[in-house]
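Chains R and G, in that order, give the protein sequences. Oh and the first sequence: position 17 is 159 in the numbering used here, straight run, nothing missing. Oh and the second sequence: position 261 is 370 in the numbering used here, straight run, nothing missing.
What the hints contain is simulated information worked out from the structure, not anything from laboratory work. Since we're looking at a predicted model, the values are computed, not measured. C-beta: ideal position from N, C-alpha, C; glycine also. Misleading hints may appear alongside valid ones.
[Claimed, not checked] For the chain R half of the interface with chain G, some residues (derived, Cβ under 7 Å), not all of them:
#, residue
1, Ala144
2, Ala172
3, Leu181
[What the hints assert, rightly or not] Once the Cα atoms are required to be at most 30 Å apart in a straight line, the calculated BS3-like pairs of lysine-lysine come out as:
#, chain 1, residue 1, chain 2, residue 2
4, G, Lys305, G, Lys181
5, G, Lys237, G, Lys184
6, G, Lys656, R, Lys258
7, G, Lys384, G, Lys434
8, G, Lys203, G, Lys163
9, R, Lys266, G, Lys656
10, G, Lys667, R, Lys197
11, G, Lys163, G, Lys176
12, G, Lys378, G, Lys404
13, G, Lys434, G, Lys501
14, G, Lys434, R, Lys236
15, G, Lys181, G, Lys203
16, G, Lys501, G, Lys533
17, G, Lys176, G, Lys391
18, R, Lys266, R, Lys200
19, R, Lys200, G, Lys163
20, G, Lys229, G, Lys404
21, G, Lys656, R, Lys197
[What the hints assert, rightly or not] Rough simulated footprint, nothing fancy, chain R against chain G, three-plus residues with beta-carbon under 8 Å:
#, stretch
22, 381-390
23, 536-543
24, 604-616
25, 619-626
26, 647-657
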Amino acid sequence: MALPPEPLDEVIPGADGAVLATVMRIVEQAPQQQYERTLETSLPRTAARQVVELKVTKVLFGDVAASGALVQCVKPEGAYALREGNTGPFVLGKTDGAVEILGRYGPDTWPEAAVKQAAAQLGKR
Amino acid sequence: MPMRIADTRIRQFVSTQQSSPAPRISDANVIDLLAAVGDGSRHSFDSAKAALTKPGITRAQQFELAKAGLSKSEKSDLGQLLDQSGLAMDVGAKNFLEALLGRAPLQETFGPLTITGDQKNGIQGLAKPGQIIEAINLTTAPAGRLHLTDTQVIGTADASGKFSGTMPDVREGDMIRLRTRAADGSTSDWLTIQAKGLETSDTRNAVVNLERMDLAATATGVSVTHNTGRPISEPGAQLRFVNVRTGEKVDVTANQNGSIPEGLTLPGKAGDEFKVSVSDGKNNTTHASVTGSLKVPGGSTGIVGVDLPDPKMHAHELNADGTPKYKLERFTGPLFVNEPTPGDVRQGAIGNCYFPAAMAAVAHTSPAALKDMIKQNADGTYTVRFYENGNKSRPVEVKVDGDLYVRSFGGPIYGGSLGGPTTKDQMELWVPLIEKAYAQWKGSYDTIGNGGSAGRVMSEVLGRSQSYEWVSAGSEQRLFDRIQRDIARGVPVAAGTHGTDQSARYTNTGVYANHAYSVLGVEEKNGEKFVKLRNPWGQSEYGNDGKNDGFFSLPLSKFTELYASLYVLN
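In isolation and in its complexed conformation, chain G is listed as follows:
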């Protein structure tokens, strides 16, 4: 019985395929069929096709768009395509047609990883038996410190290939990216789904992380870049930039990795301010709610000499419009006054205790390495060298100038130097400038100011691989010997306390939860063993020796009670 296709677009599609040397309804060209049935009162064919190919769109969203425009006669057309056309079909394309006719449920993906059902009771699906399922919430990731690969394990496929897992803080409409990891470490392609079945509607808008976005004046306007290893927003989200000076608007769509399109240039110049807003297509569609502002570096700063871009302040030190609460001032003091020592290091008002603790630990065992890693250039700027992942063959050089954010009284708000003057022309600069370079390298003071690992920093400074020991895992004597041996060999050691949920054990001890310390050695006095430590604040210590300089000795038994981890280098 001949087919009687009523819809013109579907008829054209069939005709094109029948005259093709390899007729097939593929996962690619099925979009034309979905657009043909998805057109109607809300969409033309072209706008439906544009919506169906929008970056980040999921199969479920494509299906819903097509289904919304599906008429009775189009249903009949699709039925004939399936039953009578004889056209070969990709599995995914065929499932779309079957799902539109109600013959089969929509499968969200086909391949090594398949998600089944909604996410009301977590994430369920199929993978190869034994494979681990990793996931990241791309909707919430831009607000955190997450790279695209900072996934969490949500489950392992059982012998029948089924898995089930949960993720915290998943809400309706969130974009979840998943992949499988095999026993040999190999991973599958990413699969992105949109969470559903959790709430009646998607009320969580996409976020955009302004702290990680860099604006720079160029010959043709203002370039917008960011570290594309981390999502800046949700895939498919629309970002709007409005130049406050000129009122010009630019809308861009985040790509499938949540990145800004490469090569984006905004109309503007140095010193301009841009208001940025974001919409996920369901929330803030009018862009009435503005996330914040970004200022293009340059213009009149009043700073004399070479003026390099500065890392953005921590989010706590930004006004609601994204501007910093503190001003920059140019510091011109010496890089080093004598040899670097642990007592030079002072943590600033930022959650990066791990960094000054690591720097003081290195100053204790390897001061020459610190003098070697930072150099002043002929133009007055400084070049600081780190090693990526502690790999000596992968040096990273970061160039910074002497501008530091300062408090109203003039001292630096972030890391500073102790034991000497803090004036702009006299303060010893190795601590704040290495920290500034670290912030520049990692993204911003916000990026480095929400926690981290002292071991990682020691590794990145010295170009050696890192390791750690849980303090509770070994004997006290073994810990004592390990610290003694490493310090004697000139290898820095640091230690971390337990988390904030255990902070009640710390009050009145002079030691603080969720905090990193430099380990400076061990000693024995009157038959009792002690660990010598330093608080990177440069104050507040166990035992009240009256100096309040951050240095203290802790009985070994107390150390194993109050400390959770020991950071060492291999």
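Only chain R is shown next, with the shape it has when bound in the complex:
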């Protein structure tokens, strides 16, 4: 459902890093359920889980991935989907070795400056 992005101060404390990156390829794509066309919006429906490969161009904070590195990340089932060429700030969390993209809308969830500012306020570099 089309909820507004989560407040950054609820997400950054649990994040391990953030990077500016581009989606280079979709490594895995779970089956996407098709929904009938409807006049209603904000329905409780989700886009399928993906595993994507990101090319990092800049590290905003944390040490999840270095600039220039390729990193595989899980895009969890949720309100958005990625495709090759998508860019933006990706806030990342590490769970049992896997890197997960945080934020309700992935790279569209918060602007780069807001991510950096929120991390800095929590002393995350």
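Since the structure of chain R is already known, use the hints to place chain G on it.
Below, chain G alone, put in the same frame as chain R:
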């Protein structure tokens, strides 16, 4: 050859009928015969009869109960009734007896709609040729937003009257309600069947929707009510209420519409908490698994002034025991600071984008209507007026107080106001209070927080009928002209994007899938046409103009690519 009926109850039945002025084995009194053969080790005659007349029981269940107790001599008795008694019989009653003797398959119903066989390969049956078959799963409906009439079409009877259809997510034992709809729109009576042939056993328990149940302290205890237009649980399900303070238990059975019996009163008082559990008779029969808790409003709230019942929070904001995760605080700011504008509206953490999008659209074209629909009362409460189904002759007035659920930092968790202070005594209140009244009217924040139509809300606010256009259906110029004309005439317009399954097309555009937007107008710049829009979040937009305020202009060609529907009023 005279009959030799061995079973005393069957003999009494025959004797009663033979002395009756109109002897007949009817669909009603055949229950006595079924109870007479259904008694045995598991049932007395009386308990068998009680079970056979339980609300929601299907013919198939009645048949199984009778068959389980059928002895050889009772079989002989029924055979004599059929072959020698000369008694007139209703078709349904006769079929019961024939089915018990194995002479005919059990027909689950008789009338304009007949279901045949099990549901292993869908729902098959007979109806009048050309009739549409509508169905609703009453087992799963209480968990959703469904009214009893929110059916889906599963098929159409062919020239021979046969139909076949499927429903998603049907499991063994589910209660399916069906009816036919003729070409003139008339519908048949409901028929309820219990799905079978799908799994080896019924492992899905009934559900009960606590969010839609209202408890209120009364002079004699605690009343339990809900909107009976929607099933609260499965027909025939047993609901158990346990008062946490006193330990007292009350069991009730959901009626054939899945409603709580009218007039239910529980022992308790304001502030009491009730744990609620449910059993469909096959699962959770000990009520060990509790669905959740309900608290009776009132008691010590600490709120000063008139304290009206508040709509329950969205399910995402309820603890496992049913209590809200957020507290209520009384807001006392002004209803309006200047004229209402689209920029006042901010969607909260709830899936109701359609509502703030509609409110901002109305604020853009008809601000006076918003000022007219909400009034502060002398006792400090507010009365908000909507129009049912957009019908001006059917106004609905909802009274609410200024209590809003707040985040830990004090701002409202649901809809709020932008562009001004958000403190309790200063925040502009028209947005959150109209939303609160809408939640109160519709049932709860959960009811309104799982999707809806912006067109419907605009219609309910202004008392005008709604319409829509699929964006892909017309030419770009026609869309442009339609928006321009409506906005110029003061008619609000909103738009919806494509569904979540198409969300990959939205990433990096600043527009979001499965989302509603207010349409504020059109414009032409340097020969290119644009649509002016607003995101009800009050942020996140196409084009990054640096303001991040939710307002943006989208090239018309991009609009037709990213948007699916246009909501308009007639």
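We went through each hint and held it up to the structure:
1. The criterion of a C-beta within 7 Å of any C-beta in chain G is met by Ala144/R, whose closest approach is roughly 4 Å, and the hint holds.
2. With a least beta-carbon distance of about 12 Å to chain G, the hint placing Ala172/R at the interface is violated under the 7 Å criterion.
3. Checking Leu181/R against chain G: minimum C-beta separation of about 5 Å stays under 7 Å; hint holds.
4. The suggested pairing of Lys305/G with Lys181/G holds, with an alpha-carbon distance near 27 Å, which does not exceed 30 Å.
5. Proposed proximity of Lys237/G and Lys184/G is contradicted: the alpha carbons are some 35 Å apart, above 30 Å.
6. The suggested pairing of Lys656/G with Lys258/R holds, with an alpha-carbon distance near 18 Å, which does not exceed 30 Å.
7. Pair hint Lys384/G plus Lys434/G holds up; C-alpha atoms about 17 Å apart against a cutoff of 30 Å.
8. With a C-alpha separation of about 21 Å, the suggested pairing of Lys203/G with Lys163/G holds against the 30 Å cut-off.
9. Under the criterion of a C-alpha separation no larger than 30 Å, the hint pairing Lys266/R with Lys656/G is consistent with the structure, at around 27 Å.
10. As the CA atoms of Lys667/G and Lys197/R are separated by approximately 28 Å, the hinted pair is consistent with the 30 Å bound.
11. Between Lys163/G and Lys176/G the CA atoms are separated by roughly 17 Å; this keeps the pair inside 30 Å, and the hint holds.
12. Simply put, Lys378/G and Lys404/G have alpha-carbon atoms about 10 Å apart, close enough for the 30 Å limit, and the pair holds.
13. With a CA separation close to 38 Å, the supplied pair Lys434/G and Lys501/G exceeds the 30 Å bound.
14. Between the alpha carbons of Lys434/G and Lys236/R the distance comes to roughly 27 Å, so the proposed pair stays at or under 30 Å and holds.
15. Distance check on the hinted pair: Lys181/G and Lys203/G sit about 19 Å apart at the alpha-carbon level, within 30 Å; holds.
16. With a CA separation close to 34 Å, the supplied pair Lys501/G and Lys533/G exceeds the 30 Å bound.
17. Straight-line distance between C-alpha atoms of Lys176/G and Lys391/G comes to about 18 Å, which keeps the hinted pair within the 30 Å bound.
18. Under the criterion of a C-alpha separation no larger than 30 Å, the hint pairing Lys266/R with Lys200/R is consistent with the structure, at around 15 Å.
19. With a CA separation close to 68 Å, the supplied pair Lys200/R and Lys163/G exceeds the 30 Å bound.
20. About 42 Å separates the Cα atoms of Lys229/G and Lys404/G, which puts this hinted pair outside 30 Å; it is violated.
21. For the given pair, Lys656/G sits about 29 Å from Lys197/R by alpha-carbon distance, which is consistent with the 30 Å threshold.
22. With 0 residues bearing a CB less than 8 Å from a CB of chain R, the stretch 381-390 of chain G misses the requirement of three and the coverage assertion fails.
23. Residue count for the stretch 536-543 of chain G with a Cβ under 8 Å from a Cβ of chain R: 0. That is fewer than the three needed, and the coverage hint is violated.
24. For the stretch 604-616 of chain G, the assignment as covered by chain R holds, since 9 residues bring a beta-carbon within under 8 Å of that chain's beta-carbons and 3 suffice.
25. Coverage of the stretch 619-626 of chain G by chain R holds in this model, with 6 residues showing a Cβ closer than 8 Å to a Cβ of that chain against a need of three.
26. Beta-carbon proximity to chain R at under 8 Å applies to 3 residues in the stretch 647-657 of chain G; the threshold of 3 is reached and the given coverage holds.
Of the hints listed earlier, those the structure fails to meet are numbers 2, 5, 13, 16, 19, 20, 22 and 23, in rising order.
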